[in-house]
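If you want the building blocks of each chain, they are given just below.
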Amino acid sequence: MGALTLTVNGRRRTYRGAAFTRLIDVLREDFRLTGTKEGCGEGECGACTVLLDGAPVNSCLIPVGQAAGRRVETVESLGSPEKLSKLQQGFLDCAGAQCGICTPGMLMSAHAHLKSGGKADDASVRTALSGNLCRCTGYQHIVDSVLAAARGKKKKASRK
Amino acid sequence: MRSVGKNVSRREGPEKLTGRAVYLDDLDIPGCWHGVTVRSSVPHGRIKAVKFDPAFPWSDYVVVTAADIPGRNVVTLIEPDQPLLAEGLVRHREEPIALIAHADRAKAYEALKHVTVEYEKLPSVLTIADALAVKEKIYKDDNVFKSFLIRKGDVDQALASADVVIEGEYRVPHQEQAYIENNAVAAWEEDGVLVVRGSLQCPFYVVKALKVLLGRDESKVRVSQTVTGGGFGGKEEYPSMIAGHAALLALKARRPVKIVYDRHEDMAATTKRHPAVVRHRTGLTRDGRLVAQDVDVVMDGGAYATLSAVVLSRGTLHAAGAYECPNVRVRSRVVATHTPPNGAFRGFGAPQTLFAAELHWEKIADVLGIDSLALKRKNLFKIGSITATGQVLRESVGAKSCLDVVVRRSKYAQRRKEYDRWNADPKKPSWKGIGVSVCHHGAGFTGSGEVYLASRAGVALTRAGALVVLAASTEIGQGTNTMFAQVASDTLGVPLDWLEVETPDTHKVPDSGPTVASRTCMVVGGLVRRAALDLKAAFESEHGRVPRTRAELKKAAAALCGAKPARRFEVQYEKPSEVTWNDATYQGDAYGVYSYAAFAVELEIDRATAETKVLRVTTAQDIGKAIHPLFAEGQIIGGCLQGLGWALLEEPVYNDGVMVNSQLTNYVIPTSLDAPPFDVTVVEKPYSRGPFGAKGVGELPMDVPAPAVAAAVKHATGRLIATIPLTPERITAALAADAEAARV
Numbered sequence: 001m002g003a004l005t006l007t008v009n010g011r012r013r014t015y016r017g018a019a020f021t022r023l024i025d026v027l028r029e030d031f032r033l034t035g036t037k038e039g040c041g042e043g044e045c046g047a048c049t050v051l052l053d054g055a056p057v058n059s060c061l062i063p064v065g066q067a068a069g070r071r072v073e074t075v076e077s078l079g080s081p082e083k084l085s086k087l088q089q090g091f092l093d094c095a096g097a098q099c100g101i102c103t104p105g106m107l108m109s110a111h112a113h114l115k116s117g118g119k120a121d122d123a124s125v126r127t128a129l130s131g132n133l134c135r136c137t138g139y140q141h142i143v144d145s146v147l148a149a150a151r152g153k154k155k156k157a158s159r160k
Numbered sequence: 001m002r003s004v005g006k007n008v009s010r011r012e013g014p015e016k017l018t019g020r021a022v023y024l025d026d027l028d029i030p031g032c033w034h035g036v037t038v039r040s041s042v043p044h045g046r047i048k049a050v051k052f053d054p055a056f057p058w059s060d061y062v063v064v065t066a067a068d069i070p071g072r073n074v075v076t077l078i079e080p081d082q083p084l085l086a087e088g089l090v091r092h093r094e095e096p097i098a099l100i101a102h103a104d105r106a107k108a109y110e111a112l113k114h115v116t117v118e119y120e121k122l123p124s125v126l127t128i129a130d131a132l133a134v135k136e137k138i139y140k141d142d143n144v145f146k147s148f149l150i151r152k153g154d155v156d157q158a159l160a161s162a163d164v165v166i167e168g169e170y171r172v173p174h175q176e177q178a179y180i181e182n183n184a185v186a187a188w189e190e191d192g193v194l195v196v197r198g199s200l201q202c203p204f205y206v207v208k209a210l211k212v213l214l215g216r217d218e219s220k221v222r223v224s225q226t227v228t229g230g231g232f233g234g235k236e237e238y239p240s241m242i243a244g245h246a247a248l249l250a251l252k253a254r255r256p257v258k259i260v261y262d263r264h265e266d267m268a269a270t271t272k273r274h275p276a277v278v279r280h281r282t283g284l285t286r287d288g289r290l291v292a293q294d295v296d297v298v299m300d301g302g303a304y305a306t307l308s309a310v311v312l313s314r315g316t317l318h319a320a321g322a323y324e325c326p327n328v329r330v331r332s333r334v335v336a337t338h339t340p341p342n343g344a345f346r347g348f349g350a351p352q353t354l355f356a357a358e359l360h361w362e363k364i365a366d367v368l369g370i371d372s373l374a375l376k377r378k379n380l381f382k383i384g385s386i387t388a389t390g391q392v393l394r395e396s397v398g399a400k401s402c403l404d405v406v407v408r409r410s411k412y413a414q415r416r417k418e419y420d421r422w423n424a425d426p427k428k429p430s431w432k433g434i435g436v437s438v439c440h441h442g443a444g445f446t447g448s449g450e451v452y453l454a455s456r457a458g459v460a461l462t463r464a465g466a467l468v469v470l471a472a473s474t475e476i477g478q479g480t481n482t483m484f485a486q487v488a489s490d491t492l493g494v495p496l497d498w499l500e501v502e503t504p505d506t507h508k509v510p511d512s513g514p515t516v517a518s519r520t521c522m523v524v525g526g527l528v529r530r531a532a533l534d535l536k537a538a539f540e541s542e543h544g545r546v547p548r549t550r551a552e553l554k555k556a557a558a559a560l561c562g563a564k565p566a567r568r569f570e571v572q573y574e575k576p577s578e579v580t581w582n583d584a585t586y587q588g589d590a591y592g593v594y595s596y597a598a599f600a601v602e603l604e605i606d607r608a609t610a611e612t613k614v615l616r617v618t619t620a621q622d623i624g625k626a627i628h629p630l631f632a633e634g635q636i637i638g639g640c641l642q643g644l645g646w647a648l649l650e651e652p653v654y655n656d657g658v659m660v661n662s663q664l665t666n667y668v669i670p671t672s673l674d675a676p677p678f679d680v681t682v683v684e685k686p687y688s689r690g691p692f693g694a695k696g697v698g699e700l701p702m703d704v705p706a707p708a709v710a711a712a713v714k715h716a717t718g719r720l721i722a723t724i725p726l727t728p729e730r731i732t733a734a735l736a737a738d739a740e741a742a743r744v
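For the protein sequence lines, the chains are A and B, in the order given. Residue numbering for the first sequence follows this note's numbering, beginning at 1 and increasing consecutively. Residue numbering for the second sequence follows this note's numbering, beginning at 1 and increasing consecutively.
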């Protein structure tokens, strides 16, 4: 078993173990970054979404060897409870999180979309989030959250 | 009022948004092993042998079978018929037989390949029809777990004298809850107390089950909820099973053990919504007034009784729909089959029977030549209406208000004409349709259920000046923590951030009953309000007033608590005096109050592929009072999308008694691109017994989508398809059958 290095949330980390270990397991179990969640283990639900060199990937499908020498960003890179990022604040204001299990993955997909210059309109955001399943919200408040963050303003309480 | 009715921030929001919220699998439990489950591979069979590969290093593992159970081998719920681990006989696929734990997760899973179970296969009953025909006896003589009969007036005579009698049969499938966090429980022993932590809805259910299973005093079992990634009923009863498994492994291994299901195991082995067949025979006057409803309901309970009797009860009590009819008969049964037990899922029997009751109006409309909306309007519940159980609806009946809002905001009449013109043009690539539904949903437990539960909740004041809400109701995403703090702080008249909400831990909070049945806000929230009123009175009498500053709160707390570390103000549920219910005759006030919803859906069906796209949803829901309007809207949109999924996409496929599409790859739930835009109106017809007028909201949104979708598909295609989901395959088959019939 060799050692490989990757940059996780701006920090160089070394992993000693099999190169085919799933990235999600390395993040959660070796690096104790448990913000990344496993929902299906087959790349369908998107709860494990992290950014690899800035692009969203399902970390349950990526062998850690594939991340060697590359940049990995997880939900822990965004903000802290005391100082939420603009996107996280959007989710708090617009009720974009209910049970919260899909939220880290949603945030990472939304973050990648906005950071890469993706459009801040309903259709573009829905497309960007279409690989992330949510069973609680019906998505509308999640889309509102992302749009609010992009536009830097709070959604009104009522849409009437 | 300071916070009720306002969109304050989610209490645990910042932790959930930063990855700091600790779900079960995120817990760092030193020395914790991983548990896995050996499951049956036949739907019905006698276990001849469980063979452990002699070449495998079993000494590195802990193995548990039924022989290791210190108490009774039963998952205690309603009937003691379900074993925790099968002994001798298996009655469904995926039934737990043995348990294995190892320090390494991969090695634990590896061990499953080295266990072989040999069976003598027995004949199995896998469908409702075979169960009713008693192809094989599974449960008593008739395979019926439970039946109900509701009678109002004289149905036979009314049918005989009705202008028209219209019959219909409606079928709905299983549905998977599909919470994104799979079931997960951990257990260990600490100073003689068995500690269980888990992703679950009802911590006291688990205590009651473990007490019997382990033969332990309740004080030696402590269950607390971890942050839970969705429930929808799927974590109501099944966590008792997993907790039992984890407990047995932990006690034998003398170390913590956690069991975290993977998606396939969770979908294949755990409970689903009950499939149902519902038949209606309805008598009406020629101008569309109901004179008789004769309804027959059959549900598939699966191999063990679990919650089937209660699911059937709710289904039965909603089977006539939100309409007044002088003569009603509802006969219902839930049968046993050799399939994994079905259980709680948002709506709890009502979506099944309401689908039939609502869609049947489309059939009636065709026969009478009157628009279904006009028929619904003519018969809809209003103040003073008498339900099938003889309940007089005295207050808070928002059915008509909801329907009016939806008809107006969806431009129902205009869209109907517009789509009629569109559909008449053969050059168009699609058909379009609009459908409307209106439903009621009883809040709280059925009948006398709340009386038996005798739920308790409270507010504690600590000597240091902390105010803590004490309730066993779990936060599973719906906003319980935030709502309790809002109710308590406004009742006391203190700032919202003075209130803390205790973790549902059975050694810290009273038994508030389960987190189910749209009861958390209305029933338990009502208890929290009463407890807060008691504390307020104590402040006033012992301190002179409710404290206005933190410093004053500390002073008052010291005075009220005296030498004690805290004072608890706990109250117990008291039945409202006007509510009467007879369990023997199923007559009376089935629920204290009902919530109401109306729903319009517009959709477009591709003429070539029969793929359906939902264009728009307009809904109005009367929930009494929205304690938190944005969270209430979140419940409505989320619940409605689950309903749209059930209506259009979701179909557990069973083969030889087991779900074969037990993956998110082939069991399809709606994505952000499947979800339509929702126009939501919250209607507030206050309920005098609810906190600040609130009724239930959790389940109601699940009731309305399916019948509206089927009505819209009928508008689009001209074909009433009485079975969901309305997949392209099902629509194509129905239209092909029509074309075939037209040729003959």
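Be aware that one or more of the hints could be misleading.
Stated by the list, open to error - Each computed EDC-like pair below joins lysine to aspartate or glutamate, with the alpha-carbon atoms no more than 16 Å apart:
hint: 1; chain 1: A; residue 1: Lys83; chain 2: B; residue 2: Glu12
hint: 2; chain 1: B; residue 1: Lys554; chain 2: B; residue 2: Glu542
hint: 3; chain 1: B; residue 1: Lys363; chain 2: B; residue 2: Glu169
hint: 4; chain 1: B; residue 1: Lys107; chain 2: A; residue 2: Glu82
hint: 5; chain 1: B; residue 1: Lys613; chain 2: B; residue 2: Asp674
hint: 6; chain 1: B; residue 1: Lys6; chain 2: B; residue 2: Glu574
hint: 7; chain 1: A; residue 1: Lys83; chain 2: B; residue 2: Glu15
hint: 8; chain 1: B; residue 1: Lys613; chain 2: B; residue 2: Glu729
hint: 9; chain 1: B; residue 1: Lys51; chain 2: B; residue 2: Glu118
In short, the hints are calculated from the structure, not lab data. Please read all numbers here as calculations on a predicted model, not as lab measurements.
Going through the hints against the structure:
1. Under the criterion of a C-alpha separation no larger than 16 Å, the hint pairing Lys83 (chain A) with Glu12 (chain B) is consistent with the structure, at around 14 Å.
2. Taking the CA atoms of Lys554 (chain B) and Glu542 (chain B), the gap is about 14 Å. The hint holds against a cut of 16 Å.
3. Between Lys363 (chain B) and Glu169 (chain B) the CA atoms are separated by roughly 10 Å; this keeps the pair inside 16 Å, and the hint holds.
4. Annotation: proposed proximity of Lys107 (chain B) to Glu82 (chain A) is violated, straight-line Cα distance about 40 Å (limit 16 Å).
5. The hinted pair formed by Lys613 (chain B) and Asp674 (chain B) meets the criterion: a straight-line CA distance of about 7 Å does not exceed 16 Å.
6. A threshold of 16 Å between alpha carbons decides the hint, and for Lys6 (chain B) with Glu574 (chain B) the separation of about 29 Å lies outside it, so the pair is violated.
7. Distance check on the hinted pair: Lys83 (chain A) and Glu15 (chain B) sit about 11 Å apart at the alpha-carbon level, within 16 Å; holds.
8. Of the pairs offered as hints, the one joining Lys613 (chain B) and Glu729 (chain B) holds, with about 15 Å between alpha carbons and a cut-off of 16 Å not exceeded.
9. The straight-line distance between the Cα atoms of Lys51 (chain B) and Glu118 (chain B) is roughly 8 Å, inside the 16 Å bound, and the hint therefore holds.
Hints 4, 6 from the list above are not met by this structure, while the remaining hints are.
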